[in-house]
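Asker: Following the hints, position chain D against chain V.
Chains as they are written, first to last, in this note's numbering: chain V, 1 to 73; chain D, 1 to 372.
Please keep in mind that the hints were generated in silico from the structure rather than gathered at the bench.
Note that beta-carbon positions come from the ideal geometry of N, C-alpha and C, so glycine has one too.
There's no promise every hint is true.
What the hints assert, rightly or not - Straight-line Cα separation of at most 20 Å, SDA-like style, residue types lysine to any residue; simulated pairs:
1. K61(V) with N213(D)
2. K16(V) with T137(D)
3. K32(V) with M233(D)
4. K32(V) with H37(D)
What the hints assert, rightly or not - Stretches of chain V that chain D covers, calculated by requiring three or more beta carbons in the stretch to come under 8 Å of a beta carbon on chain D:
5. 20–30
6. 46–56
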Amino acid sequence: MGKNTVRLGSVTYAIKVRKLLAKELIKCDLIKMKDPKENGGCSYGISFRSDKLLDVIALLKQNGISYSLVNDQ
Amino acid sequence: MIYLDNAATTFKKPQSVISAVDECLKKYCGNPGRSSHFLSIKTSEMIYETREIVSKHLGLDNPERVIFFQNATHALNFAIKSSINDGDHVIISDIEHNATLRPVHSLESLGKISYSIFSSSGNIIKNITDLVTDKTTCIITTGQSNAFGREIDLEEVINLSNEKNITLIIDAAQVLGHKKVNLSKAKNVVLCAPAHKGLFGIQGCGFSVLTDNKKRKTFVEGGSGSDSKRLTMPDEPPERYEAGTLSSPAIISLLYGLKYVEDVSVEIINKKINGLSLYAKDIISSNNGAILYESGNGIISFNLKGIPCEIVSYELNKKEIYTRAGLHCAPLAHRTLGTYDLGTVRVSLSYFNKRTDISRLYKALKEIRSKY
Numbered sequence: 001m002g003k004n005t006v007r008l009g010s011v012t013y014a015i016k017v018r019k020l021l022a023k024e025l026i027k028c029d030l031i032k033m034k035d036p037k038e039n040g041g042c043s044y045g046i047s048f049r050s051d052k053l054l055d056v057i058a059l060l061k062q063n064g065i066s067y068s069l070v071n072d073q
Numbered sequence: 001m002i003y004l005d006n007a008a009t010t011f012k013k014p015q016s017v018i019s020a021v022d023e024c025l026k027k028y029c030g031n032p033g034r035s036s037h038f039l040s041i042k043t044s045e046m047i048y049e050t051r052e053i054v055s056k057h058l059g060l061d062n063p064e065r066v067i068f069f070q071n072a073t074h075a076l077n078f079a080i081k082s083s084i085n086d087g088d089h090v091i092i093s094d095i096e097h098n099a100t101l102r103p104v105h106s107l108e109s110l111g112k113i114s115y116s117i118f119s120s121s122g123n124i125i126k127n128i129t130d131l132v133t134d135k136t137t138c139i140i141t142t143g144q145s146n147a148f149g150r151e152i153d154l155e156e157v158i159n160l161s162n163e164k165n166i167t168l169i170i171d172a173a174q175v176l177g178h179k180k181v182n183l184s185k186a187k188n189v190v191l192c193a194p195a196h197k198g199l200f201g202i203q204g205c206g207f208s209v210l211t212d213n214k215k216r217k218t219f220v221e222g223g224s225g226s227d228s229k230r231l232t233m234p235d236e237p238p239e240r241y242e243a244g245t246l247s248s249p250a251i252i253s254l255l256y257g258l259k260y261v262e263d264v265s266v267e268i269i270n271k272k273i274n275g276l277s278l279y280a281k282d283i284i285s286s287n288n289g290a291i292l293y294e295s296g297n298g299i300i301s302f303n304l305k306g307i308p309c310e311i312v313s314y315e316l317n318k319k320e321i322y323t324r325a326g327l328h329c330a331p332l333a334h335r336t337l338g339t340y341d342l343g344t345v346r347v348s349l350s351y352f353n354k355r356t357d358i359s360r361l362y363k364a365l366k367e368i369r370s371k372y
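Just chain V, same shape as in the assembly (with noise of 0.2 Å):
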């Protein structure tokens, strides 16, 4: 099973993630990223089985936080 990424900014929305998706039963790793906007640099995300996608979209979506997708891994 492959895995997901989103960039999420910084580690205080990292976390607030990790913890929505805990209450939904779905595991994630919080990993440290390259950002690479020209005037990005590094940020905070986390990583996920590719298969909770949808789940995880529509939560970030459901309390408005901000994520960019990094591609499949």
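Answerer: Then chain D, alone, in the frame of chain V:
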């Protein structure tokens, strides 16, 4: 030793707070929001948990809108300077601490704003409303004076702020820990408080809690832990307003202090403090020559006739009874209560004080009275 200066900082801290700070320093205190190793992530998680408990304690569910600073004064400076624009009119209460009065006065002396002062006695809502103009954008009020027992009904002022769509900044330094404040219906409030008073944390942490998602100006820029190539601070709170390394041990102490307060319950703490306040008022006023000023809610302000307040406090200190004398960084409050020239001796109580502390204070005051 009898500690009666809890309005300055609570001295006895719950053991759970001391143990939590000890554990943090020994086991995991990395720099939160910077790295991806265990120490950094664990510290970040504990700080997030602190944001959660503070938000919930105030009736909210927005941990990311809990912003940490080094103390309540910095939190208030942020709240005031990020909420006000040039040409604005601001209204403050007549019992404000210098943490509010000085930044407001500083902005006024630079010609940026004007301000009015409302009376905290009588009909407060009318007193505030009478001062509102079409340029009024902000009301700033304490929940309770740090020098006297006078309190302000925050629920009423929150309702007024909602009705008039005016930002309300609350100095809750003397309120949290023994009074409940509910911001669930507040639209435009910034509440500021320190960790180290009624919430039983250690010094080094204060916070602002935002009820709106308005993007505010930043006043301190620096490292935020992510998006390092950006030349500006992040767009979203809390990191937008938290430049540099946070004081993790102090923030974690707030987590455990607030847990302690909630375990005991605000109502029980309030009942004990009010009971001790009544006893202290009775006993001090029975002292020959004692002048008692508006007291209650854990704060008893008095003078012994003919003896400067600093001398009374000095003599009490020799007996290992610790109080504070003078104007308590609140000249406005002293002017309002008529003690601007004299100052007062302030006794301020916490949940850890006992009736025997007050009895010993009484005995000491009798001895000071007969000495002078």
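Asker: Could you run down the list of hints and mark each one as holding or not?
Answerer: So, going through the hints one by one against the coordinates:
Pair hint K61(V) plus N213(D) holds up; C-alpha atoms about 17 Å apart against a cutoff of 20 Å. The hinted pair formed by K16(V) and T137(D) fails the criterion: a straight-line CA distance of about 33 Å is larger than 20 Å. A distance of roughly 19 Å separates the Cα atoms of K32(V) and M233(D); the hinted pair therefore holds under the 20 Å criterion. Among the hinted pairs, K32(V) with H37(D) is consistent with the structure: their alpha-carbon atoms are about 9 Å apart, no more than 20 Å.
For the region 20–30 of chain V, the stated coverage by chain D is not satisfied: 1 residues place a CB nearer than 8 Å to a CB of that chain, which falls below the threshold of 3. Here's how the region 46–56 of chain V fares: 0 of its residues keep a CB closer than 8 Å to some CB of chain D, so the rule of at least three is not met and the hint is violated.
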